[in-house]
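Assemble the whole structure, with the sequences as input and the hints as a guide.
Residue-level listing of the chains:
Protein chains: 2
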Amino acid sequence: MATLEDIGVSAIINILGAFAFLLAFALLRIQPINDRVYFPKWYIAGKRTSPRSWGGVVGKFVNLNIITYFTFLNWMPQALKMSESEIISHAGLDSAVFLRIYTLGLKIFGPIAIAALLVLIPVNLSDGTLSFLRRDLVVSDIDKLSISNVRSESNKFFVHIGMEYLFTLWSCYMLYKEYDRVASMRLKFLASQGRRAEQFTVLVRNVPRISGRSLSDSVETFFQRNHPDHYLCHQAVYNANKFAKLIRKRNRLQNWLDYNQLKHERHPNKKRPTTDTGCLGLWGDEVDSIDYYKEQIKYLDRKITMERQKVLKDSKSITPASFVSFNSRWGAAVCAQTQQSKNPTLWLTNWAPEPRDVYWQNLAIPFFSLSVRKLVISLSVFALVFFYMIPIAFVQSLANLEGLEKVAPFLRPVIEWKFAKSFLQGFLPGLTLKLFLYFLPSFLMVMSKIEGHVAVSVLERRTAAKYYYFMLVNVFLGSIVTGTAFQQLHAFLHESPSQIPRNIGVSIPMKATFFITYIMVDGWAGIAGEILRLKYLVIFHLKNMFIVKTERDLDKAMNPGGVDFPETLPCLQLYFLLGLVYMVVTPILLPFILIFFAFAYFVYRHQVINVYNQQYESAAAFWPHVHGRIVASLLISQLLLLGLIGTKKAANSTPLLVVLPILTLTFHKYCKNRFEPAFRKYPLEEAVSKDEQDRATGSEIDLKSYLADAYLHPIFHSFEEVDLVEVKVENAPAQPQAEAKAHIESSSPSELSSPSPHHAHHLEDEPSQTVQHYEFEAPHSAYHYEAEQNYTAYHYEVESQSDVYRYDSEPHYQYYHY
Amino acid sequence: MATLEDIGVSAIINILGAFAFLLAFALLRIQPINDRVYFPKWYIAGKRTSPRSWGGVVGKFVNLNIITYFTFLNWMPQALKMSESEIISHAGLDSAVFLRIYTLGLKIFGPIAIAALLVLIPVNLSDGTLSFLRRDLVVSDIDKLSISNVRSESNKFFVHIGMEYLFTLWSCYMLYKEYDRVASMRLKFLASQGRRAEQFTVLVRNVPRISGRSLSDSVETFFQRNHPDHYLCHQAVYNANKFAKLIRKRNRLQNWLDYNQLKHERHPNKKRPTTDTGCLGLWGDEVDSIDYYKEQIKYLDRKITMERQKVLKDSKSITPASFVSFNSRWGAAVCAQTQQSKNPTLWLTNWAPEPRDVYWQNLAIPFFSLSVRKLVISLSVFALVFFYMIPIAFVQSLANLEGLEKVAPFLRPVIEWKFAKSFLQGFLPGLTLKLFLYFLPSFLMVMSKIEGHVAVSVLERRTAAKYYYFMLVNVFLGSIVTGTAFQQLHAFLHESPSQIPRNIGVSIPMKATFFITYIMVDGWAGIAGEILRLKYLVIFHLKNMFIVKTERDLDKAMNPGGVDFPETLPCLQLYFLLGLVYMVVTPILLPFILIFFAFAYFVYRHQVINVYNQQYESAAAFWPHVHGRIVASLLISQLLLLGLIGTKKAANSTPLLVVLPILTLTFHKYCKNRFEPAFRKYPLEEAVSKDEQDRATGSEIDLKSYLADAYLHPIFHSFEEVDLVEVKVENAPAQPQAEAKAHIESSSPSELSSPSPHHAHHLEDEPSQTVQHYEFEAPHSAYHYEAEQNYTAYHYEVESQSDVYRYDSEPHYQYYHY
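Chains as they are written, first to last, in the UniProt record's numbering: chain A, 1 to 818; chain B, 1 to 818.
Rather than coming from a laboratory, the hints here were simulated on the basis of the structure.
No false leads were mixed into what you were given.
FRET-style restraints, in silico, Cβ to Cβ:
1. A:155 / B:378: 31 to 37 Å
2. B:543 / A:375: 57 to 63 Å
3. B:194 / A:375: 40 to 46 Å
4. B:369 / A:316: 54 to 60 Å
Pairs of lysine-lysine residues, derived as DSS-like cross-links and limited to a Cα-Cα distance of at most 27 Å, are as follows:
5. B:681 / A:669
6. B:669 / A:449
7. B:313 / B:242
Facing chain A, a subset of chain B residues (Cβ under 7 Å, in silico):
8. 339
9. 493
10. 677
Beta carbons are placed, not taken as given, at the ideal position from N, Cα and C, and that holds for glycine.
Listed below in structure tokens is the structure:
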């Protein structure tokens, strides 16, 4: 066990490390060449278009202003300058609330740390037990400050129990206030949002297939019947997985084409690049690369168009899910919250996620399959958490030196060298474990995807939950009770429920020093590493050198991603757990956690302002989980303290603690009832007042056209984009192709801008008509449209997907049959 | 342990007992004098008005038809004659579905019993272990047929585990089919119901008090704003607890008056009865009883009227709950299922229970108080289940002979008598326990009431749940593991989770004989006792002799009550538990349970058809609980079998069983998602189709007047009734009083028949106007009304309660100030 000096040394090392990172960051961030790595958010927000420059060719890449080097810590006050409401409008509510978790940590642990240090440490120190009773054991100085130092059967445990009550009360008070605040922030944010597609739209799943009727037809009929005054339109969801695969292939080919063209342009004197047509371009006939890829892309384009036609026309490619839009927020709120059908597994309605938040692949999973998937994944997560060491050990046993020798016989001389041998033998198993841990979040994400959630935000939250269980069992419990998680599970099953907290509780004080160093390494130095973004820096410059050709490529290379919720939230919750468990046991740990929270707050505030670009906005939907897990940590802390004091034979004070978990659970239940609906449902009161606001501004006429394309599968959008961009990039395309593309360019934008000209026309004629009126006109105009164009079967698809359909009907055929 | 012969003797005794009960029942039920005890349902349904008679004075009381005595078991085929749909229309869905629980028992255990007896008993018998290994133990013959007879480490356990899988599969299949059937029965029943107030009405609780505004006012404004097209009207809930107390007091006095008048009428020559005015009528001035009670009633009537005025006028007596009605079922379904307000603890909406199902006292409990109540009651139930022996033991220690001697010294000679002493010493503690168990259901009902549920049906279900926990721990576990529940709890806390099922499992086979006798005593003879209704028979005849004076009194005395769900359901579930636990362990128990289910089915079918009169109709809302607890029993059975086989060292077969509980849980979860919404929510599809039916028949004009009084506190109704009945009963009232009452009689019916003449008038003028139109007219007519009558403050109360208000405005004052 470490002494106070050891910890001091470790602290100095970690602080120095953190400072080194900060210094590197400060130097790198003021170089214009790195501007897009450290300030991408400003480019994305459109507030900056080119790096700040100090003049001259060199000034474009290196910062020549000497003064800025001396103010290398000035990002900290800068990060604090922005107010919360500015952050919300700059980076979204998710990021702003994410930062509040750190301030919540400070608010909870600040006063607790002061009270604990002032009251508990003197109480713990006043007994000299440890040093005098267990002379044979090596006792650290830290232990003298902890509860271990209190004599068994002492009445001083009343102080600890009293403090646990006080701290729990304080934590609950802060949690309650914060939940209240976040809930009202969320409601305010939702209320302040402009008109957005998801406010009017409900995702319907498990639409039953009725023979002799198309799915779109049944959706239309069902909602027109059950929401007669509110139903507006719907958008079918296409199973475009095969289509997406083709698009991905086309992108890959396009990249090769670009690469070869660039190569040719740079050295026009050299002979044109060639490639082999066989597998991986390694053998086969040698052909001209540019021509080859162009031919391939042309062929693929034809396939894509056909696939697209098939997807849009074939009724089988419509999945039994649909986005149903209503003419008012009230109508959508009602539909999302009510049961539609007699059979509660059909016509499942839920709020539609934001269009950019939808995870399209999972929309079509039927109800029964969802139940099975959930079961399978829960069992897998359980197995993963408790038995993950088994496959790792198996792989480790394979990845030994003999195996390596067999695979790569030429390495034999190196392996036989003694030093290398011992190094590898120590290194390989560790590498396996490290690799597993590195890929764990992605692996958990795949599991969440299999579970069948339909929004990226939900996927991330579920992944965070799984990661949290893993951390709780394998990092927290695994560090306290030695042995693998599997052994712990075995012990849990064969020990009495009252014995488990004792066994864990008794070893808690002894692990305080370990967790202090953990906090310094992971929390202090790790966070400083986060701000440096070394990985992104390297990748960006590599991409910039080799791939980037257009502005769009530059944007792609710059893409900073959002806050990594699946990893960051569980880690944060681990710090809360550590703080709450040790607040009474070893209060000296608290200042370290406080420093972590404060430092991380600065860093993430800076990152949120300057770097991250959230992919979606869930309006702080993760808060109930954050709250719930902090309460769970409180419960764990209470149970462990109960176990710990139980081993101290403090029979007269222990029973006092039993009430605390019950009270905490009640608090949790109350909070759940009080606040959680704000995160799950949309109150009608809100919907009505927003609808009225809209009506007052009189801007609801174009609602149907506004919603018409909001939930189109992004693949269809991206296809359009690809076409348009291509024209810009290619400078010398074949003549007929260029013509055809020009045709698309000239025809599609005009059609895109008014997806349903018929509706628009109708509405312009009668600008004063009410929403209901508008509603009943809709089917009529659809029929109208149908009659004109002589389509027979799927006029409902036509209606909702009209612009898509028109877009790819005529011009494309012209284009590909030149 | 009992041998097979012992069980045979016990069976004969119980069968004889059951036959004796049946014989007594058969003799008693055909006597005309008992007709109202054994066939009250027919009187209540109005299909029979006077007992069948065999002519003459004697024939009115005794059955003189000899033939009927020989067909004394013919009630059984009679009970089966009615089809299920007839039962539903005759006695309601609750009763019909209640009977299905028994057939479900037969369906589950019938095939299981056959399979178990054919397969498992030969397997168990083939080993001779018990008789030859444990020669020192007294081993019963029953044990030879059970799993105990199988040698440890035998491979025969694979057969048992296979059978457990098979039986679980079968049970789940039957449960699924039954849930499906009941759910569709429920939906069909709801769909077939005519127009009922609860279909259009939503109970709103926690209406916030806004200063300067009456509660009715805020309700009106809130719903008019948030459900503009659907809101129709609302009825405030009055806090009439004090009023109800006065009414009760008045009823008591009225009873005394009737008693004295009757006494005087029977013996008009004797001097008029007198009473003492002091406490309990034991001392004080002696006065003429009839005059005294009349005076008292008069005084009380004045107080009642004042209290009533106060309740109706004082805005403080309006509780923050309200029944809000909508103009369509769709509107009500939407409001009941959505969140109304930003603060989810305000404006809580739920389906309104049937008017007769409402438990009025609990309507006003605020949200926070509800949370606290739930916590307190859950803790109390936990304490009651595990520690109920502590207070009982305390009372028992008080209720000993010394205590009795002190309280009643005159009993000393009796107590000192040796035989009496020993008898009392053995009897008193038992009596205390017996009394506790007798009052337990009522006690649990009080707890449920404190918990704050708003419907009688919910109260009964919650009581049943509490009673089930009590039975599970104290009857089932208590019989298997000796020792009090408290000792068990202690053991559970200090044993490992894997040890508990072993400890219980290992003693299960040994208790089979006990449970067989339990089934015979409680299940066979007890059910036969149920059909005899001895208690009701005695009470009815006593009441008939002393109290009954009018038809209404006769109806009251005849009131048979409904199925006693709080007691019957948990007992039934205990039988399911026994069957499922023993089906693999000691299959010989199954035939006894089968006989119970079959016999009880006959008896309850007869009772439902001829006797019970349900107080409410919850449309089988208890089924999810029945289903859930049978699944829980399945889980318990699997865990105990796991424990039992675990002790048999069958290491190669045991792990197979671990999967079963997980699969069962998944089944439960799937059923919950698939069927439970049918019992909790009301699908919009249903609402729309019912609304359309109504519209087709064109009978929705008078909806508002139809709903106006549906949810008036019954106390106000009963007061009217009392007045009206009184006139009939009293033959010689004082002159002015009679005049006043005649006035009421003549004035009130006309006003009651058209509660809001203004609305009715309005609607008749414009019969073709739509629902929306009608809605927006409502406030206008209210103002109209107000102007006419010159009321100032509470015009919303006036609107919703208009007829009540009018009824007690003028005539009452005339009446009481004569």
